[in-house]
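Asker: Single-letter residue listing:
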Amino acid sequence: MADPPLPPPDPQFVLRGTQSAVHALHFCEEAQGQGHPLLLSGSLRGLVHIWSLQTRRVVATLDGHGGQCVTWLQTLPQGPQLLSQGRDLKLCLWDLAEGRNTIMDSVHLESVGFCRGSILAGGQPRWLLAVPGNGSDEVQILEMPSKTSVCSLKPEAGARPGMPMCLQLWQADSSPRPLLLAGYEDGSVALWDVSAQKVCSRIACHTEPVMGLDVDSQKARGISGSAEKALAVWSVDERQTLQVRRTHQLTNPGIADIKIRPDRKILATAGWDHRVRVFLWKTMKPLAVLTFHSSTVHCVAFAANSLLAAGSGDHRISIWSLYPRT
Amino acid sequence: MDPELSAVRLSVQEAVHVLSSSEDGGHILSTLGSLKRYLGETENPALPQEQEEFARIHFSTCLRCLVGRLSPRWLGLLPGGQLEELCASFFLKGPADQAFLVLMECIEDAAGPSFRLMKTARLLARFLSAGRMAAVLEGQCQRQAEPAFPLLQETLLARVVGLPDRLGNRLQRENLAEFLPQNYFPLLGEEVLRALQVVVDSLRGGSDCAMSFLSQVLGKACVLGRQKETLRALVPRLTALTQGNGLWQRVCWRLVECVPDRAMEAVLTGLLEAALGPQVLSRLLGNLVTKSKKARFVMTRKLLFLRFDCTTPMLQSLLGYLAEDSQRRPLLVQALKELLETWGSSSAVRHTPLAQQRHISKAVLICLAHLQAAELQDCRAELLASLMAGVQTHLDSSLPPVRRLGMVVAEVASARLHPEGPPLRFQYEEDELTSEMRGLATPRPVADRPSEAGLSVAPISGDTPDNGTVGSDGPQARPGGSDSELDSDDELVPCDMSGDTELKSSKAPAYVRDCVEALTASEDWERWEAALRALEGLIFRSPAATREVSVELAKVLLHLEEKTGVAGFEGLRQRALVAVTVTDPARVAAYLTAQFYALNYSLRQRMDILDVLTLAAEELSRPGRLRRAQQSSPAPGPRPGSAAAPAWRAVVEERLRSKTRRLSKGCAGQGPAAVPNEFSAVAGCFFFPLIQRFDKPLVTFDLLGDDQLVLGRLAHTLGALMYLAVNTSVAVPMGKALLEFVWALRFHGDTCVRRGLLSAVSAVLLSVPAERLLEDLPDELLEARSWLADVAEKDPDEDCRLLAVKALLLLEKLRDKLLPPSST
Numbered sequence: 001m002a003d004p005p006l007p008p009p010d011p012q013f014v015l016r017g018t019q020s021a022v023h024a025l026h027f028c029e030e031a032q033g034q035g036h037p038l039l040l041s042g043s044l045r046g047l048v049h050i051w052s053l054q055t056r057r058v059v060a061t062l063d064g065h066g067g068q069c070v071t072w073l074q075t076l077p078q079g080p081q082l083l084s085q086g087r088d089l090k091l092c093l094w095d096l097a098e099g100r101n102t103i104m105d106s107v108h109l110e111s112v113g114f115c116r117g118s119i120l121a122g123g124q125p126r127w128l129l130a131v132p133g134n135g136s137d138e139v140q141i142l143e144m145p146s147k148t149s150v151c152s153l154k155p156e157a158g159a160r161p162g163m164p165m166c167l168q169l170w171q172a173d174s175s176p177r178p179l180l181l182a183g184y185e186d187g188s189v190a191l192w193d194v195s196a197q198k199v200c201s202r203i204a205c206h207t208e209p210v211m212g213l214d215v216d217s218q219k220a221r222g223i224s225g226s227a228e229k230a231l232a233v234w235s236v237d238e239r240q241t242l243q244v245r246r247t248h249q250l251t252n253p254g255i256a257d258i259k260i261r262p263d264r265k266i267l268a269t270a271g272w273d274h275r276v277r278v279f280l281w282k283t284m285k286p287l288a289v290l291t292f293h294s295s296t297v298h299c300v301a302f303a304a305n306s307l308l309a310a311g312s313g314d315h316r317i318s319i320w321s322l323y324p325r326t
Numbered sequence: 001m002d003p004e005l006s007a008v009r010l011s012v013q014e015a016v017h018v019l020s021s022s023e024d025g026g027h028i029l030s031t032l033g034s035l036k037r038y039l040g041e042t043e044n045p046a047l048p049q050e051q052e053e054f055a056r057i058h059f060s061t062c063l064r065c066l067v068g069r070l071s072p073r074w075l076g077l078l079p080g081g082q083l084e085e086l087c088a089s090f091f092l093k094g095p096a097d098q099a100f101l102v103l104m105e106c107i108e109d110a111a112g113p114s115f116r117l118m119k120t121a122r123l124l125a126r127f128l129s130a131g132r133m134a135a136v137l138e139g140q141c142q143r144q145a146e147p148a149f150p151l152l153q154e155t156l157l158a159r160v161v162g163l164p165d166r167l168g169n170r171l172q173r174e175n176l177a178e179f180l181p182q183n184y185f186p187l188l189g190e191e192v193l194r195a196l197q198v199v200v201d202s203l204r205g206g207s208d209c210a211m212s213f214l215s216q217v218l219g220k221a222c223v224l225g226r227q228k229e230t231l232r233a234l235v236p237r238l239t240a241l242t243q244g245n246g247l248w249q250r251v252c253w254r255l256v257e258c259v260p261d262r263a264m265e266a267v268l269t270g271l272l273e274a275a276l277g278p279q280v281l282s283r284l285l286g287n288l289v290t291k292s293k294k295a296r297f298v299m300t301r302k303l304l305f306l307r308f309d310c311t312t313p314m315l316q317s318l319l320g321y322l323a324e325d326s327q328r329r330p331l332l333v334q335a336l337k338e339l340l341e342t343w344g345s346s347s348a349v350r351h352t353p354l355a356q357q358r359h360i361s362k363a364v365l366i367c368l369a370h371l372q373a374a375e376l377q378d379c380r381a382e383l384l385a386s387l388m389a390g391v392q393t394h395l396d397s398s399l400p401p402v403r404r405l406g407m408v409v410a411e412v413a414s415a416r417l418h419p420e421g422p423p424l425r426f427q428y429e430e431d432e433l434t435s436e437m438r439g440l441a442t443p444r445p446v447a448d449r450p451s452e453a454g455l456s457v458a459p460i461s462g463d464t465p466d467n468g469t470v471g472s473d474g475p476q477a478r479p480g481g482s483d484s485e486l487d488s489d490d491e492l493v494p495c496d497m498s499g500d501t502e503l504k505s506s507k508a509p510a511y512v513r514d515c516v517e518a519l520t521a522s523e524d525w526e527r528w529e530a531a532l533r534a535l536e537g538l539i540f541r542s543p544a545a546t547r548e549v550s551v552e553l554a555k556v557l558l559h560l561e562e563k564t565g566v567a568g569f570e571g572l573r574q575r576a577l578v579a580v581t582v583t584d585p586a587r588v589a590a591y592l593t594a595q596f597y598a599l600n601y602s603l604r605q606r607m608d609i610l611d612v613l614t615l616a617a618e619e620l621s622r623p624g625r626l627r628r629a630q631q632s633s634p635a636p637g638p639r640p641g642s643a644a645a646p647a648w649r650a651v652v653e654e655r656l657r658s659k660t661r662r663l664s665k666g667c668a669g670q671g672p673a674a675v676p677n678e679f680s681a682v683a684g685c686f687f688f689p690l691i692q693r694f695d696k697p698l699v700t701f702d703l704l705g706d707d708q709l710v711l712g713r714l715a716h717t718l719g720a721l722m723y724l725a726v727n728t729s730v731a732v733p734m735g736k737a738l739l740e741f742v743w744a745l746r747f748h749g750d751t752c753v754r755r756g757l758l759s760a761v762s763a764v765l766l767s768v769p770a771e772r773l774l775e776d777l778p779d780e781l782l783e784a785r786s787w788l789a790d791v792a793e794k795d796p797d798e799d800c801r802l803l804a805v806k807a808l809l810l811l812e813k814l815r816d817k818l819l820p821p822s823s824t
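Sequence lines, in order, name chains A and B.
According to full-length UniProt numbering, the first sequence is numbered sequentially starting from 1.
According to full-length UniProt numbering, the second sequence is numbered sequentially starting from 1.
Calculated from the structure, these hints are not laboratory results.
Mixed in with the good hints, there may be bad ones.
[What the hints assert, rightly or not] Using C-beta positions, here's what the derived DEER-type ranges look like:
| id | chain 1 | residue 1 | chain 2 | residue 2 | range |
| --- | --- | --- | --- | --- | --- |
| 1 | A | Q12 | B | E526 | 32 to 38 angstroms |
| 2 | B | E562 | A | Q12 | 39 to 45 angstroms |
| 3 | B | P676 | A | S321 | 42 to 48 angstroms |
| 4 | A | T291 | B | A389 | 31 to 37 angstroms |
| 5 | B | V566 | A | R56 | 40 to 46 angstroms |
| 6 | B | V652 | A | S294 | 38 to 44 angstroms |
| 7 | B | W648 | A | E238 | 53 to 59 angstroms |
| 8 | B | V652 | A | Q12 | 20 to 26 angstroms |
| 9 | B | T434 | A | T291 | 36 to 42 angstroms |
Each residue gets a CB set at the ideal place from its N, CA and C atoms; glycine is no exception.
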């Protein structure tokens, strides 16, 4: 290790023009498949911008949330359809095919919190959607596109975990049963068996609300970040029990979002301290601290070609190319 | 008279007559043959009595006669070099001492280069290579029966040892390789060894021998500075021979004992250098140190205290030798006491060169390593007393190496003298010297108890692998480490994460006044720190606002204390103070210089004042400073914290330049515009208040007393201010005042102060114009010159001597400039 460490990297390029804080980011492979994905960003003022990464310009702007913050963006695997969740208590399903941008459908949400939804779609026409539910601590599971409510996951009587803060639907490689990971306001992460409507396991990983989590379904391991100064890595074993494997201390408190790269090599966290941190997923070795933004970073997203995007309160979206896949 | 002996005389006289006059080869041959009978080499030798008579009285006459006849013609009387061979046989076979003396005599008497001289020199070389020198030495050893003839012995001694010099003088460029000192002295060493072998053999045979001649030869060779060559051949062989052989050891002891006093030091130094370790030395010297007064003086005083050119291994052998034997151990204890006393004496610390202090410190540490706890216990009080005094004086010294020396010795010595107490720990930077010195202090295993040493080592070595396996088990057993998949795919290289610091929430003040307020009143430490960090940039950006509060700000900064562990606090505070001083030099300098002599400041603060004044003066006097400041001031955009701004500006300017086509190269390529030296106007405000009051002691601050560290720093600062005031009109009065200051303090005892004064003198010589120096300060210059010459010659400190020489060179240059060399 005689070599001096590499200098901290610079962003590959920066997207400006949202004119308000960026709260949601999502990469979407372009239908034509030219290799340049589109980047979707949701802003505090309720607009969804669609960016071409080739021209680095806005391709289209969607306005469907009445000026309220867009908190979650997700495209569906089966077609050019976009889900956007806003704080106007609406979840819109957009049709983006052939240059259209019309709202096909919308779901009325009950919760006013910041909790982002989650989907489980395996390419079939029917898919599951998890959104924060009616009561303050409920999670609602819908079957889409029929919008039929499958169930409502309510913690048992004694537990008072507070509001759900982040959701992740997933399916372990071993079993076909859909599972839901939910991070709660009291800092705990719970694993729900959706079909049985019961909590398989719940662990208290943090002392502050869980702000973001992501899961690696192959290894059955996940990571969560909260308002405190630590990340927690946990795993799910065969009996569907959660177990904290390790924690990682950070320099400054507050994690807004966590994403594991699709190739499961590295992960990125969006920090309240204006920085994006990159870790090696296998060992949690810190790899880089990306300092570019001058305000809280609200969201990070990885593209399939391993680009990393970070959206921040300083109205800018930075795009990074880190440790490209070989 | 005995008829036989007179017969010998008659035949010799006849033979000499023949040899000196005859030109007939056959006649000469037969005459030589008849003489040869007396050497006892022929088939019908003469009677032993006759032989002895011949050897004693007539041999040298014959040899002289032979040497006198050496010429090409004479040697050509018989064919095939028979005569030459025959002559040579006389020199090589007969009594060696006489042959040697005759040869040397002949060589020395030769008037100039001649055939005879060369022949004789060749003969001498043959004499040496045939090992006859051993015979010369042996002859002197066995001359016990008859009373030694001192004059002869002395002549012989001078010839034996002085051979290379004499031959070199005589033969000049024709000198033979055998006679060069680097070849001759090893030979002499070997011959001494051979003579010693004969001595040992004859002692075994029961006959007496005198060794004083050998000792004298050895001593004289060493006094001539040929220890290395002579002993290089001798010592390794003696080391081997004395191993387990009592007779050889005794011979050896006797050999060194008989060395004359004046040569003792040279011989002992040579032996110490050549011998490997205390055991060998002990075998070679025996209890010499208790027997010979001179040897004791050399070994326990001179080598330990004064000869600081001795290497550490030599010191180790010497003290190890003292520790080897119970009779010598009291000397070691005594030496330690005296060493510690010298080590602790304040006069020694002040007046001896650093190398000598280092030497003594090493000797102390080695002594401590050799002494047992019980021995130390007996004189603990005494040792502790001198140690404590010594630590005090060392720590008081203004030279960092001396202080460090004091710390190392104090740590080690207190651990040995006071093993039960809590260990003393100083904070000093580790370097080669300190680690070497601490290595000296670890007691080496006692040699006469090897079994115990082996035992004590064994369990340790047994333990280590256990520890190792425990350590290597660790990562495997560690829970939650890497998962079961251990495929080490491409390990991603981490980037530099040094920038990942804690985010400061509170905002830095934006105005100088806010900073003052935050630094004085704020209980919010984050704000306090942010204010300190922002201050320098704010001062440079708003000089006008700074001038309004400059003195107040300087006061706040001067009294600022580090309350929280702010990284780089000292640097931040100093830079801020310098910035204030530069922005409003006259008033702040007046304030700072007044505070320098005020009550109730710590030495640290006073030294800070001096540092700040120097740095500010440097900043003010730097050419082009003004323009740079003006350039950066009208751009309020880039924050001082963002280091990227200047780079960005440079890039843009570069791009502008490359895109702009200039039709004519105007004044674009010129260097920096000439600007007035800002320090010129205020140099006096910096300088004179500082120099005025150094001799008026305060209750808390006495520059001429205990606070010499500050005095040294003051002298340096004044020198620096003088140097920075070059080309200003105030330089002449400043130089005059500074020379007076130097004159008043020139015999100061502290090295640091003297260094400061010397650099101040150099600054005066550099800054004051030469003409003005000669016109206004001729007397001061003369006085300074004689003082400098004195320092350059006599000062114990090397740096002082160097500085004095530099100042003298400057004076020389000055003279050359004023007086062209042709007129002098």
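Asker: Could you run down the list of hints and mark each one as holding or not?
Answerer: For each hint, the structure was consulted:
1. A:Q12 x B:E526: 32 to 38 angstroms: Holds: the Cβ-Cβ distance is about 35 angstroms, inside 32 to 38 angstroms.
2. B:E562 x A:Q12: 39 to 45 angstroms: Distance hint for E562 of chain B, Q12 of chain A holds at roughly 43 angstroms.
3. B:P676 x A:S321: 42 to 48 angstroms: Taking Cβ atoms as reference, P676 of chain B and S321 of chain A lie about 53 angstroms apart, which means the hint is violated.
4. A:T291 x B:A389: 31 to 37 angstroms: 57 angstroms, violated
5. B:V566 x A:R56: 40 to 46 angstroms: 43 angstroms, holds
6. B:V652 x A:S294: 38 to 44 angstroms: 21 angstroms, violated
7. B:W648 x A:E238: 53 to 59 angstroms: For E238 of chain A against W648 of chain B, whose Cβ atoms are near 56 angstroms apart, the range 53 to 59 angstroms holds.
8. B:V652 x A:Q12: 20 to 26 angstroms: 22 angstroms, holds
9. B:T434 x A:T291: 36 to 42 angstroms: Because 41 angstroms falls inside the window, the suggested range holds.
Checked against the numbered hints given earlier, the structure breaks hints 3, 4, 6 and satisfies all the rest.
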